[in-house]
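What follows is the residue order along each chain.
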Amino acid sequence: MKNHEPRSSSSCAACKLLKRRCTPNCIFAPYFCSDEPTKFAKVHKVFGASNVSKILAEVPEEQREDTVNSLAFEAEARLRDPVYGCIGAIALLQRKTVELQHDLTIARARLALYAATSSSSSSSIILDDHVSMAPFPSVPGCDGLAYSFGQSSSDLSRYGPLNDFGHGPYIS
Amino acid sequence: MISARCAACKYLRRRCHSDCIFSLYFPPNDPQRFASVHKIYGASNVAKILQQLPLTLRAQAAETLYFEAKCRIEDPVYGCVGIISQLYQQLHNGESELAKTQAEIAFLNCNPQVQPIDEANSSNFNNLLPHQYCPPSTPNSWFN
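Chains W and L are the protein sequences, given in the same order. When we follow my numbering, the leftmost residue of the first sequence carries the number 8, and every step to the right adds one. When we follow my numbering, the leftmost residue of the second sequence carries the number 49, and every step to the right adds one.
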């Protein structure tokens, strides 16, 4: 006589997709609700359930929700743009920051001009010319993405060089 | 004579055929490159991603996959999304700085007899702002 165990009516999205029983200690269950099936589907398509499970297992429990959300974001980006994924967004933000820095330099120069040409010179204007923005990694061999923005404790260069991904997204 | 296997086939301990999809992008002299990508995505998923792309774009795709994998290994919680968040914050800070500077310029344009205000006296400047600058949405919206 077969042991017909009642099927769980509250399988998480992961176990539903993987067609397996959702156990009480399922590592996916807290983060992939059954009412969000596409979230896990995308993560599974890009990373694979096994790899996601390993990543979640190595982070503290209180950080797993953020981990899942960032994986979902990366998966979404990669599915939307199979060539560049998230790197497209990084390149775009870097470009915008370069443009912004350019605009800021011009604006500050204009403001400094006011100071230089003000009628009353008794109180000199001291403008804060320190831009508190983190440095960007230099990009060897890629002219478009070599940035530096002054000093900050945040150092993005530890991620290594970022090649020129500024050709825009690839959409098949 | 056994021809050199690519890093992927060496890692996976299999024969590297002439039409191996990994061989062009994971040379044998950089085993860590494939190991990183395989750890995060899995060889099968990487192969699927590369196969769906035109030949001319596969090198770029392999490069970005490697970069993202490195970021994820370095920061298992946020991966490269952490970089995006940092950049977004920097952009936001810069935009605030620019708006403040431009508002100051606009104010001085309207009041040429007034001298530019220094940073130490910014409270006087803030009281004169006609409206509050509204920053763009926070990086958390990336996750929604």
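Hints are supplied without guarantee of correctness; some may be wrong.
Per label pair, the in silico range of CB-to-CB distance [said to hold, decoys possible]: (1) W:Ala122 to L:Pro75: 16 to 24 Å; (2) L:Gln137 to W:Thr124: 49 to 57 Å; (3) W:Ser41 to L:Phe155: 30 to 38 Å; (4) W:Lys26 to L:Ser92: 12 to 20 Å; (5) L:Ala83 to W:Asp110: 22 to 30 Å; (6) L:Asn157 to W:Val105: 25 to 33 Å; (7) W:Leu25 to L:Ile153: 21 to 29 Å; (8) W:Glu69 to L:Thr104: 40 to 48 Å; (9) L:Gln137 to W:Ser17: 33 to 41 Å; (10) W:Thr112 to L:His65: 52 to 60 Å.
From the derived model, a few chain L residues whose C-beta atoms are all more than 12 Å from chain W [what the hints assert, rightly or not]: (11) Cys57; (12) Tyr59; (13) Leu60; (14) Arg61; (15) Cys64; (16) His65; (17) Cys68; (18) Ser71; (19) Asn77; (20) Lys87; (21) Gln100; (22) Glu111; (23) Arg120; (24) Val125; (25) Lys148.
Chain W stretches covered by chain L per the calculated footprint, using a threshold of three residues with CB under 8 Å from any CB of chain L [said to hold, decoys possible]: (26) 31 to 39; (27) 67 to 76; (28) 81 to 91.
Treat the hints as calculated values from the structure; they're not laboratory data. Where a beta carbon is used, it is the ideal one built from N, C-alpha and C, also for glycine.
Hint by hint, here is what the structure shows:
For the pair Ala122 (chain W) and Pro75 (chain L), the beta carbons lie near 57 Å from each other, so the given range of 16 to 24 Å is not met. The hinted window of 49 to 57 Å between Gln137 (chain L) and Thr124 (chain W) is violated, with their beta carbons roughly 35 Å apart. At roughly 56 Å, the beta carbons of Ser41 (chain W) and Phe155 (chain L) sit outside the given window of 30 to 38 Å. About 19 Å separates the C-beta atoms of Lys26 (chain W) and Ser92 (chain L), a value consistent with the hinted range of 12 to 20 Å.
For Ala83 (chain L) and Asp110 (chain W), the Cβ-Cβ distance of about 43 Å falls outside the hinted range of 22 to 30 Å, so the restraint is violated. Range check, Asn157 (chain L) to Val105 (chain W): about 27 Å between beta-carbon atoms, so the 25 to 33 Å window is met. Take Leu25 (chain W) and Ile153 (chain L): their Cβ atoms lie about 59 Å apart, and the range 21 to 29 Å is violated. Between Glu69 (chain W) and Thr104 (chain L), the C-beta spacing of about 44 Å keeps the proposed range 40 to 48 Å intact.
Restraint check, Gln137 (chain L) to Ser17 (chain W): a C-beta distance of roughly 38 Å satisfies the suggested window 33 to 41 Å. Range check, Thr112 (chain W) to His65 (chain L): about 54 Å between beta-carbon atoms, so the 52 to 60 Å window is met. Against chain W, the non-interface label of Cys57 (chain L) holds: every CB pair exceeds 12 Å, the least being about 20 Å. With a least CB separation of 15 Å from chain W, Tyr59 (chain L) remains clear of the 12 Å interface cut-off, as annotated.
Distance check for Leu60 (chain L) against chain W: the nearest CB is about 15 Å away, which clears 12 Å, and the non-interface claim stands. The claim that Arg61 (chain L) is not at the interface with chain W holds, since no C-beta of that chain comes within 12 Å of its own (minimum 19 Å). Against the 12 Å criterion, Cys64 (chain L) stays outside the reach of chain W, whose nearest CB is about 23 Å from its own CB. Here His65 (chain L) stays apart from chain W, with its beta-carbon at least about 23 Å from theirs, past the 12 Å limit.
No Cβ of chain W comes within 12 Å of the Cβ of Cys68 (chain L); the nearest lies about 20 Å off, and the non-interface call holds. Every Cβ of chain W is farther than 12 Å from the Cβ of Ser71 (chain L); the closest lies at roughly 19 Å, confirming the non-interface assignment. Against the 12 Å criterion, Asn77 (chain L) stays outside the reach of chain W, whose nearest CB is about 17 Å from its own CB. Listed as a non-interface residue, Lys87 (chain L) fails to keep its Cβ farther than 12 Å from every Cβ of chain W; the least gap is roughly 7 Å.
With 12 Å as the threshold on Cβ separation, the claim that Gln100 (chain L) sits away from chain W is violated: the shortest Cβ distance comes to roughly 6 Å. Once the 12 Å rule is applied to beta carbons, Glu111 (chain L) is inconsistent with being away from chain W; the minimum gap is 6 Å. The beta carbon of Arg120 (chain L) is not kept farther than 12 Å from every beta carbon of chain W, the shortest such distance being approximately 7 Å. Not every CB of chain W is more than 12 Å from the CB of Val125 (chain L) (nearest about 5 Å), against its label as outside the interface.
Listed as a non-interface residue, Lys148 (chain L) fails to keep its Cβ farther than 12 Å from every Cβ of chain W; the least gap is roughly 9 Å. Only residues whose C-beta sits within less than 8 Å of a C-beta in chain L count toward coverage, and the segment 31 to 39 of chain W has 0 of them, not enough to reach three; the restraint is violated. With 4 residues bearing a CB less than 8 Å from a CB of chain L, the segment 67 to 76 of chain W meets the requirement of three and the coverage assertion stands. Coverage of a stretch by a chain is defined here by at least three residues with a beta carbon nearer than 8 Å to that chain's beta carbons; for the segment 81 to 91 of chain W and chain L the count is 5, and the condition holds.
Taken one by one, the earlier hints fail for this structure at numbers 1, 2, 3, 5, 7, 20, 21, 22, 23, 24, 25 and 26, listed in ascending order.
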